[in-house]
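Next come the chains, spelled out residue by residue.
Number of protein chains: 2
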Amino acid sequence: MATQKKILDNIRIVGIGSGNVATHIFRGLAIAGVDVVQVYSRNHRSAEQLASLCQAQPITQLSEIDTGADVYIIAIVDDAVKEFANQLITHLPDQALIAHTTGSIEMQVINSDVVRPQGVFYPLQTFDKMRDMDLYQIPILIEANDLDSGQLLATLARKISGSVHYIDSKKRQHIHLAAVSSCNFVNHLLSTAYKYLEDNDLDPHLLDPLMQETLKKFTDRYPADTQTGPAKRGDLGTIAKHESLLQSNAEMTELYQVITKQIRNRYS
Amino acid sequence: MATQKKILDNIRIVGIGSGNVATHIFRGLAIAGVDVVQVYSRNHRSAEQLASLCQAQPITQLSEIDTGADVYIIAIVDDAVKEFANQLITHLPDQALIAHTTGSIEMQVINSDVVRPQGVFYPLQTFDKMRDMDLYQIPILIEANDLDSGQLLATLARKISGSVHYIDSKKRQHIHLAAVSSCNFVNHLLSTAYKYLEDNDLDPHLLDPLMQETLKKFTDRYPADTQTGPAKRGDLGTIAKHESLLQSNAEMTELYQVITKQIRNRYS
Chain A
1 MATQKKILDN
11 IRIVGIGSGN
21 VATHIFRGLA
31 IAGVDVVQVY
41 SRNHRSAEQL
51 ASLCQAQPIT
61 QLSEIDTGAD
71 VYIIAIVDDA
81 VKEFANQLIT
91 HLPDQALIAH
101 TTGSIEMQVI
111 NSDVVRPQGV
121 FYPLQTFDKM
131 RDMDLYQIPI
141 LIEANDLDSG
151 QLLATLARKI
161 SGSVHYIDSK
171 KRQHIHLAAV
181 SSCNFVNHLL
191 STAYKYLEDN
201 DLDPHLLDPL
211 MQETLKKFTD
221 RYPADTQTGP
231 AKRGDLGTIA
241 KHESLLQSNA
251 EMTELYQVIT
261 KQIRNRYS
Chain B
1 MATQKKILDN
11 IRIVGIGSGN
21 VATHIFRGLA
31 IAGVDVVQVY
41 SRNHRSAEQL
51 ASLCQAQPIT
61 QLSEIDTGAD
71 VYIIAIVDDA
81 VKEFANQLIT
91 HLPDQALIAH
101 TTGSIEMQVI
111 NSDVVRPQGV
121 FYPLQTFDKM
131 RDMDLYQIPI
141 LIEANDLDSG
151 QLLATLARKI
161 SGSVHYIDSK
171 KRQHIHLAAV
181 SSCNFVNHLL
191 STAYKYLEDN
201 DLDPHLLDPL
211 MQETLKKFTD
221 RYPADTQTGP
231 AKRGDLGTIA
241 KHESLLQSNA
251 EMTELYQVIT
261 KQIRNRYS
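Protein chains in written order, with the working numbering: chain A, 1 to 268; chain B, 1 to 268.
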């Protein structure tokens, strides 16, 4: 119990990676008082830059890794996580807890004969190291293969976020897919609508405040129904008028038709 | 010149309507120091409520209308604007300026043998009288059939908004279509993605911070390319995996396929 208490009060982590997620998470943890003992990156300059923000030691070789940290957080590109984790454990004691920050990869990334503590520390957000971010609003999804590791990761997450959740790998896969799809959908739809305005010699940023309010209204009110417009009303005259206005833009027309059809099906 | 100066300094308006647009615009103008002399609504209680917010006289009959105002702003449902405007002018002198707040209707709404001052005062936003709104960020699109009327409407708009634009009826039609479509698209896509999470026993509001950041990133950076994801990368393995995860949800699958196809076409 004494050991457990000590760990929860003064968690020592090693941060692996220096990209967008790594920068926001490791810096955020350091600001929250977590002891980031080292930052690892293959690129020396990147390791130094992020380490200096975290008051940590920069390292570029796994042979230099501090073997006494409580958690090793891997925040590198999705495709590289498994291979890296299996390389990392060869430098660490059996009981070292390894967690990754990836939404699309299952918790069990290590091929090992002994059961090793493993976990997930997935911040559900799109990060860009050049943009400020209020970490407190960001959901962090936790998973671990033993209770102590789960508690440790949750304690760590609560130091930077007000929205911490235990979610298993299967459910995390659904969230990740919904997240990636929604981002891509919204990006694509907006870029199509904005381009339509440019093509008509109009400043697309005229739409910015409307889009902000539309999203805010939707998220504030969901699951209340905020859908409006001609498709919901079954207003075929306006739909036909819109389609004729859009006819020079094939992508916008296709989106308009598919979404109109889905809305009409839902409300008919 | 003296008269013109007087008008621009101390504009007297009559507000017509008491719905979401009327409430935000008339109240906003009153707060900005514009003299809202009357608020008209067929419903007595609505007229009184909004009039009291504007320190105006509530009226429910056109026979009571103040014939000496500088502008009569019609903020009622789109379908009723034309008929109402033509009824309104029978109570007003020939030189009275009438403007409507509607994106989808042309400026010329009055059937008259004499040329009458007419205009548009279209705030590009989705309004809800129960929600607070920072009017200063909202674009107001102005149109008028003579220079003095255009100047008067622009002066009025600048009292509440930092984003005032002269836009003709044809261009306004394109903006209105892009606005309505984008609102409907975003609403529909998000409700589909959020419902997908609910169907998988997950709290859909986990996506809220991600959606806010996605939109903010897009609007901050457009026209820079913010598209990411498997479609852009041409990552067919991930696309197939996503489609199999989505197969129980026909709407989400259709959206995923159409948008994936469009993104692939754009980047191939």
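Derived from the structure by calculation, the hints contain no laboratory data. A couple of the hints might just be wrong.
As the list claims (entries may be wrong) - Calculated cross-link-like contacts (lysine to any residue; reagent style SDA-like; alpha-carbon spacing at most 20 Å):
| hint | chain 1 | residue 1 | chain 2 | residue 2 |
| --- | --- | --- | --- | --- |
| 1 | B | Lys195 | A | Asp134 |
| 2 | A | Lys195 | B | Glu198 |
| 3 | B | Lys82 | B | Glu48 |
| 4 | A | Lys170 | B | Glu198 |
| 5 | A | Lys159 | A | Asp134 |
| 6 | A | Lys217 | B | Arg116 |
Hints that the structure is at odds with (numbers, increasing): Numbers 1, 2, 3, 6 - these are the hints that the structure violates, sorted from lowest upward.
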